[in-house]
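Chain order of the listed sequences is A and V. Sequence positions in the first sequence follow the working numbering and run 1 to 297. Sequence positions in the second sequence follow the working numbering and run 1 to 297.
Keep in mind the hints are simulated off the structure, nothing from the lab. Every residue, glycine too, gets a C-beta built ideally from N, C-alpha and C. Any given hint might turn out to be false.
Unchecked claim - Pair by pair, the computed Cβ-Cβ distance ranges are:
hint, chain 1, residue 1, chain 2, residue 2, range
1, V, N5, A, S242, 42 to 48 Å
2, V, D130, A, A19, 16 to 22 Å
3, A, Q287, V, D172, 39 to 45 Å
4, A, Q27, V, H290, 33 to 39 Å
5, V, Q27, A, L173, 19 to 25 Å
6, A, D177, V, T8, 44 to 50 Å
7, V, P99, A, P99, 29 to 35 Å
8, V, H290, A, G247, 57 to 63 Å
9, V, D172, A, T203, 40 to 46 Å
To be verified - Below, simulated BS3-like cross-link-like pairs (lysine-lysine); rule was C-alpha separation at most 30 Å, straight line:
hint, chain 1, residue 1, chain 2, residue 2
10, V, K248, A, K25
11, V, K248, V, K45
12, V, K248, A, K103
2 protein chains.
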Amino acid sequence: MDLKNYLTSQRQRVEEALAQTLPPKQQHPTQLHEAMHYSVFAGGKRLRPILMMAACEAVGGDIENVLPAACAMEMIHTYSLIHDDLPAMDDDDLRRGQPTNHKVFGEATAILAGDALLTEAFVVLSAPSDSVQINDRTRREVIQLLARAAGAAGMVGGQIVDMEAEGMEQPDLATVDYIHAHKTGALILASIRAGALLGGANTEQYEALSRFGKLAGLAFQIADDILDITGDQEQLGKDIGSDQERGKATYPAVLGLSESIRRATELHQQALKALEPLADAAEPLRQISHYIINRSS
Amino acid sequence: MDLKNYLTSQRQRVEEALAQTLPPKQQHPTQLHEAMHYSVFAGGKRLRPILMMAACEAVGGDIENVLPAACAMEMIHTYSLIHDDLPAMDDDDLRRGQPTNHKVFGEATAILAGDALLTEAFVVLSAPSDSVQINDRTRREVIQLLARAAGAAGMVGGQIVDMEAEGMEQPDLATVDYIHAHKTGALILASIRAGALLGGANTEQYEALSRFGKLAGLAFQIADDILDITGDQEQLGKDIGSDQERGKATYPAVLGLSESIRRATELHQQALKALEPLADAAEPLRQISHYIINRSS
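Whenever a hint applies, use it, and build me the whole structure from the sequences.
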């Protein structure tokens, strides 16, 4: 397979589905809908939806069945970026080279656009569906997966510990592990698990993918931390060294650069090993994770 | 029935269920969980959960089956209050006589506590359940009801139009209707509909309660607007005349006080008429709505 073509075509599928799923920009109240569209269509890589689709493929499922959940996941991810960028949080003026939501629409609208994206994700996940393959039980389980991953025991919990850690003298490894497993790892894992569930995974397949999701999610995050030090600005989409400047709790800050690289490589090897039972069907997942890890080298 | 005892005992049931449902305050990260508890247990009337329970009773359902959804509704309501009070929104320092969430925990934690309460509501709604009466289809429908009522086509949509209208010279009736039907009416209606669904309503019962919910929700809001002018401060829990001072789009501002009173009374009469097919089982709903309307006189 040609990974570049694969990523491009999957990204297009997600973006078409998102365009059909979000309330139209012209719909009253337009200010709210424009702000939602602005951040959803601000040029994301659609990594989480693509991982969800690849996990579905890995168990021989039909990608059509995961598109609504893939859109919901991207809406949750986008809401988290809008709220993270707010003046009271990271106070960022730019995101992927564009002005952040509150810079364009004002703080109140940005808060509400984030709130609406999070809520609309659950509208999408619970909408009546024509699919005969996805029953109400599976849909409830997917809602449970995504809500847990996004909530206090997941992403929001990770975000608050991340903020607290910014003030620490020297964050310890347990804190960095907690932040990464929750702030970013939880949604990555939930994407892969939701893809498996909606693809009709059996228990063995679900467990293999869960193991892959945990290991790869952590490897991706260490790679991201490394990229903040070694990458170039274009690759990164933000200023080089910005984590260091902010005193962010990162792996290189706690473990040093070479130990971080060693750890990312080892976790990635273990993640690939977890995919062995899925044989060739997991090839897209393998190549996506190679691609994410190797951005940092 | 003695309404005061009824309201007290229902409120206690909701509060016990909430205490069991929210992640414990002592749980890591404590800052987040304390902020969530602070606003959830800040002395609300639990109007929406009590309406949900009363709608369930009105169709002969078992209240045990609505308690999780009643908690979820109160969590959504509480998140909306936390975000509404933020400096970028209404910038309120007090809520029910107590410092608002961001005054106690800071703005970043208040935003995240709101985000977490909204998300945890969907964790609760989609959690595995022992109830044999509530199947996964009904639970999916309840999630759909609550998410739609809280999202861009409901509460968040109403909130943004409310903010926009504060700047208007003279808001028109259509704008005031939109704000009230969405910002507050949608969650009231969804509470009543969820109670009906979870109580096992047939189509006729569901439609009667939906009609009641729409009419009563609007009547409650007009009564609230009137109370802002005629009530005393203790009854209101906020400063008298604060809507007027802010140039809020209210019914008295558009229709005048006496026409607003006439309209609230008429809507309330129609709401009670909608309950006729439910006979005696709807007595709690009738008395609750009398109580809400008559606070304003």
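Each hint, compared with the structure:
no. : hint                          : in the structure
1   : N5(V) - S242(A): 42 to 48 Å   : 59 Å, violated
2   : D130(V) - A19(A): 16 to 22 Å  : 41 Å, violated
3   : Q287(A) - D172(V): 39 to 45 Å : 57 Å, violated
4   : Q27(A) - H290(V): 33 to 39 Å  : 37 Å, holds
5   : Q27(V) - L173(A): 19 to 25 Å  : 21 Å, holds
6   : D177(A) - T8(V): 44 to 50 Å   : 46 Å, holds
7   : P99(V) - P99(A): 29 to 35 Å   : 33 Å, holds
8   : H290(V) - G247(A): 57 to 63 Å : 58 Å, holds
9   : D172(V) - T203(A): 40 to 46 Å : 59 Å, violated
10  : K248(V) - K25(A)              : 26 Å, holds
11  : K248(V) - K45(V)              : 23 Å, holds
12  : K248(V) - K103(A)             : 25 Å, holds
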